[in-house]
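Undergrad: Residue-level listing of the chains:
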Amino acid sequence: MSILIENISKHFGQFAALDHINLEIPDGELVALLGPSGCGKTTLLRIIAGLESADEGRIFLSGEDKTGHHVSRRGIGFVFQHYALFRHMTVFDNVAFGLRVKDKKERPSETDIAKKVHNLLELVQLDWLHDRFPDQLSGGQRQRIALARALAVEPSVLLLDEPFGALDASVRKDLRQWLRNLHKELHVTSIFVTHDQEEAMEVASQVVVLNKGHIEQQGAPADIYDHPANAFVSKFIGQTNVLNLNEDNVIWLKTAGIAVDDSKGNVAHIRPHDIDVKKADADSDSPVTLKDWQHLGSLIRVELYRPQDNGSGTYLFAEMPNERFKLLQLNRGDRVALHIKHAHWFNS
Amino acid sequence: MNALVQPVKQFKKEQIQHATDDPRWVRYTLISVSLSFILLFLFLPLGLVISKAFASGWQAYWDALSEPDAQAAIRLTVLAAFITVPLNTIFGLASAWAITRFEFPGKSLLTTLIDLPFSVSPVISGVIFVLLFGAQGWFGEWLIAHDIKVIFAVPGIVLATLFVTFPFVARELIPLMQEMGSEEEEAALSLGASGWTTFIKVSLPNIKWALLYGVLLCNARAMGEFGAVSVVSGHIRGITNTLPLHVETSYNEYNSVAAFAGASILAGLAIVTLVLKSFLEWKQGRRL
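From first to last, the protein sequence lines stand for chains A and B.
Counting from 121, one number per residue, gives the positions in the first sequence under the numbering used here.
Counting from 118, one number per residue, gives the positions in the second sequence under the numbering used here.
Everything labelled a hint here was simulated from the structure, so no lab data went into it.
Since we're looking at a predicted model, the values are computed, not measured.
For glycine and all other residues, C-beta sits at the position ideal for the given N, C-alpha and C.
One thing to keep in mind: the hints can contain errors.
What the hints assert, rightly or not - In silico DSS-like cross-links for lysine-lysine, where the CA-CA straight-line distance does not exceed 25 Å: (1) A:Lys374 x A:Lys399; (2) A:Lys293 x A:Lys355; (3) A:Lys222 x B:Lys169; (4) B:Lys318 x A:Lys225; (5) A:Lys293 x A:Lys236; (6) A:Lys224 x B:Lys318; (7) A:Lys304 x A:Lys235; (8) A:Lys236 x B:Lys169; (9) A:Lys399 x A:Lys384; (10) A:Lys332 x A:Lys398; (11) A:Lys235 x B:Lys318; (12) A:Lys461 x A:Lys355; (13) A:Lys374 x A:Lys461; (14) A:Lys398 x A:Lys374; (15) A:Lys236 x A:Lys225.
As the list claims (entries may be wrong) - Stretches of chain A that chain B covers, calculated by requiring three or more beta carbons in the stretch to come under 8 Å of a beta carbon on chain B: (16) 198-212; (17) 269-280; (18) 342-354.
What the hints assert, rightly or not - For each label pair, taking beta carbons as the anchor points, the in silico distance ranges come out as: (19) B:Leu226 x A:Gln256: 20 to 28 Å; (20) A:Ser325 x B:His135: 44 to 52 Å; (21) B:Glu220 x A:His189: 17 to 25 Å.
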């Protein structure tokens, strides 16, 4: 079911949490609302759910204006960061809750409910825990139960508020993949909130980057990474080196293969993997030295330093595959020559 | 061979001084001070009350409690508790809900005011009602004109008890509901439950032990209240004497068997309350 957010604003006192947000989410997408804390992403999600009301603007689900509808009448499923499982109910009763509170006319029989709950528990691979209480489960299991509970009422839209935020790093990795696969299976339009750009890129089919109550950019993960719309997005998504283009940098960047063009902007953002590093020839005048390096698993992150005339210097980070770094046979303090393959330009 | 297998030496457990233990004399002093204090101020009086109540034998005890004035006092005490406890349960639930779930102007004032009966002397609480509803009070003339008796009558006693006991339920619920937050309720709503269903199926089960605990304390205080009730009651035997007042009247009349028989009932109520309270605390502790 498609979601249309029209001109939504929300203030908390003087603070504008959301400032005239317009957003359209097509049917069946898995969308990440991504941004730093305090950017308004959770507020937006709660407004879509009806757990919070907007100061102005409208929410349409499947073309139907739901702005004035109570949360219980919106047909959404909501998954909370801290699971919010009913602690006095078993796993089974938690998942069955949404079915049991339906009006008599729509309520399925207990046998149908039992069948459906077990199907859902099998879907989240936790049927064997059906008679446990929430406090007997691990965080990852609780969140999967919370998801099964939300899916039980067959919501047209699934909303997840930092669903992996309270979990261990390794569990989080597993659940991300699991959520993506589940979405492929069910195709329910889903929005999840996260402050973790890696998580957004990995799970979502569409990413919406929010900052200070504005939408900075919306698009496919690869699009946003390769073509950041502005300096904020470029810095927030992935790693980047930020270089101010003063006279000093211009000359040096030219030797590194980047032609500076004033019309493009006065700040260059360079991704670490867009910098080629090699040992400088004896007669090279490259001013850059290798400071240090760190292992990031398959990649090596290289710390480069370029001293400046006024005594301060610029640090740059480059990344390259492990193998390649071994071939270069570099040591700390070696002079290196750089080749910058690509840069993004912005005006500051 | 066997000698090798045996442990080198068996230390008695209490011989080992742990790094985290306080010196023994500190422990023993503190333990004996608190135990003797409890003995002196709790068990001794309690024992005295019971022995005095039965000083003239079972029959006298039974007679003292079954005489009409004592019966009336017990009935009135139960009646006052029967009216005030449910009312204060509803008030406590409503105010705890309002304070923990809504934002509204005057919220912090309400939170402070709920504690007022704890900080005001019960006698003053009683005087307030005399000033409001007494013959010379604000509503005095109107009440006399309509032939309604509040002061020196049952309504006054109920009002005074109501005032003195209203913080108990709210006080128990507010911290618990604050700590739990409203996520479970939001989850229930998002699953299509109505507000009422959410309250019955999600909120109430989560707070039930704290609620019972508050109701229990409220009841104990409602039945045991002396100061506020004493001011508004007028001590009319058989009509406006509650059990605590009956104890006082009897004692002042040197009827010590009647006084201590009444006191033994109040003491018994206190012990039952204490046992239930420990049980509820244990229940609550296990849940959280």
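Undergrad: Please list, smallest to largest, the hint numbers that this structure does not respect.
TA: 3, 5, 8, 9, 10, 18, 19 and 20
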